[in-house]
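**Q** Sequence:
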Amino acid sequence: MAHGLYVTPTEFVAFADPRRPLMRTIASRERSPAGILGFTQWLPNPDVILKSLGRDISVYRELRAEPLVGSSIRRRKSAVKALERGLTPRNADPAVVDFLREVMEDWDIDRIIGELLDAAFFGYQPAELTWVKRHDRLRVSDIVGKPPEWFSFDDGNQLRFRARQAGLAGELLPPRKFVVATQDATFDNPYGFPDLSMCFWPVAFKKGGWRFWMRFTEKYGSPWLVGKHPRGTADAEIDLLLDSLDKMVEDAVAVIPNDSTVEIIESAGKGASSDIYRHLIELARSEIVIALLGQNQTTEAETTHASAQAGLEVAADIRDGDASMVMSAINQVLRFMVELNFGEVPMPSWELWAQETIDETQAKRDLSLSQAATLFTPQYFMREYNLQPGDLRESAVMTPLTNAAFAETQSEEAGLAEDELEHALERLITSGQRDKVMEPILAPLFAAVEQGQSPQALMGMLAEMYPRMAADRLQAHLGYRITWDWEEMWQEAHAQAFTVAKVMRLDILEDIRQALEKALAEGKTLQWFNKELTPVLQVKGWWGKTDTTDPVTGEPVTVQQGSAWRLETIYRTNLSLLYSAGRWAGQQANIDDRPYWMYVAIRDNRTRKSHLALHGLVFPADDPFWQTFYPPNGWRCRCSVIALSADDVRQRGLAVGTAAGRLETALRRVSEKTGEMKPVTTFHLPSGKTLSPDVGFSYTPGRAYAPDLARYGGPLAALARQQWRGPS
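Read in order, the letters of the sequence shown correspond to residues 1 to 728 in our numbering.
The set of hints was computed from the structure by calculation and includes no laboratory data.
Check before you lean on any hint, since a few could be wrong.
Pair ranges (Cβ atoms, derived) [unchecked claim]:
hint	residue 1	residue 2	range
1	Pro-686	Ala-169	54 to 62 angstroms
2	Ser-328	Arg-55	55 to 63 angstroms
3	Ala-646	Arg-137	47 to 55 angstroms
4	Pro-346	Gln-627	51 to 59 angstroms
For each residue, glycine too, the CB sits at the ideal point set by N, CA and C.
Generate coordinates for the entire structure from the input sequences, incorporating the hints supplied.
**A** Structure below.
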């Protein structure tokens, strides 16, 4: 229906539609006074350095030969490559996540990250995607960075290849064939901002300073030789004396007439002049480091430790910006593959993040809070310090202050604690629990006894060690299982048998398992795990890509065996499951005192929304919810469970729920190749939303491990049955 007014019986004037201006672009290059590009449609790079020199971006490439620039670029790239990395599923279908993981295993990800990071130094970095078709799916087999000077942008900010036969406008590139990483690109400047533009003049002045300083050093750094000759000496003889002095400078040997003399005069008063060039070079160096690293404290000799640390924190901000640029480009590539193979579906996210570190300021704050615990209530701490539920233990907060008036009472309590400790240690020694697995774990406890630690402290150490005992005992009794695909071992089988997909030889499986056991027992890092295993697996031929036959389908396939990416996945997944089983065992042992469990998720942008939805839910420890949703609930899951007493629940005002009637079974695809479907448990939130763990994680690692009690003596078996709540 038209909106307007009849001004005469036959003339109708329509009202203007106020929505039309909202749906079209008003400020465009075609209509702007400075945006007339003529017939070329080519948008020149607005970089002021390049415009003043009349050259392309290759001028910045020459700067990398300067030692300080080159080393700073390596530091920038190394900082990003050292970050943790991986796919976060979020709400994506497991089939999508598995497909992308399989594709990325074939990538040389360190090289790709390094090439995309050139965008930080040149402003933009185009990368060409190599597409292949495999197993009826289109996938990107490689991402290759191309020289930025080969490309330009048109008036629509679209990337164009400056092909020789395409003229000045360049060749418009097909969709999904290139991805462009950019730094601070805008509508006005799609070329981005190159950090090397800030280094051009400092490098030029630094080179000039070196040239003049070397000339100055040659001129004033060595003594002056002055030759004296009698008056009236002929010019030919003077020239001979001058030649002799010249040779003397080089060889320190000269022959002169006996009536001529040579004096050596040291230069003086020129030190201040030479400092001018030295300060110029130092200033240029400082400007280069600040431009590329964001700080200069860590490179100067007179820097204090505090200022150096502050400089590193600033550099971390630049590192995070570089990482965000790389993540954006790679996620764009993943989006291309998902759109072509699955359509418009939820996407996982590939992310880079720094390993969590302990902040000294936070540690001091926590110490102060613990010392002031008796002066304030938990509500005060949560309000003033923005703490989250579960951060404070009310039992610790309400611990009374130590006072000499209670010395007698404390002495009695210490005596009781000592009796209890002796009884517990006696039980450990006489019941056969100190086997080869337990002995290294208990070593710190017995060392503390020899050092005279208090009984209360020793009992605390014993309680803290229990989860680790469970994890190490679980680890020591795991068996082996040969499989081709990870999905072939379904859920609980992963907790009862050690396996690595694509490993078909027991000796290789044993090597990987031994490295994992050492990593768990000695607290080794992922870097150690990679360094330890890589040469062993390379010698045995389990490394890189190989052509083989899929034992499931019988089809010839090219598979990725060992790689840094696969070792990281093996390390993180297996250790996460073992630690989870140990925590479950410890909480089971304390179920009488803390019969309620609360699900806790890390509330940041890397946590799946489905896991965040479970944060803060409280169920009884024997609720069926925990049989399925006890963490980890997916790859790289960082969720955990804390045990609560009845007083904890009441003081925090928590609601205890039950999953009864809210759990059901659904079928999920577990193998992309075979299409096999298997049942998984789903949970219905009160909002009506349905959640489920990732495929293969719908079980409790600790419950899945059932120790063979027949292998142990009667007292130990009875104790284990009581602690594990196992069948009698």
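**Q** Can you let me know if the beta-carbon spacing of Ser-328 and Arg-55 is within 55 to 63 angstroms?
**A** violated, 29 angstroms
**Q** Are Pro-686 and Ala-169 spaced within 54 to 62 angstroms by their CB atoms?
**A** Check passed, 59 angstroms falls within 54 to 62 angstroms.
**Q** Does the beta carbon distance between Ala-646 and Arg-137 stay inside 47 to 55 angstroms, or does it fall outside?
**A** Cβ of Ala-646 to Cβ of Arg-137: about 53 angstroms, so the range 47 to 55 angstroms holds.
**Q** Determine whether the Cβ-Cβ distance between Pro-346 and Gln-627 falls within the hinted range of 51 to 59 angstroms.
**A** Given range 51 to 59 angstroms: violated, Cβ gap about 27 angstroms.
Of the hints listed earlier, those the structure fails to meet are numbers 2, 4, in rising order.
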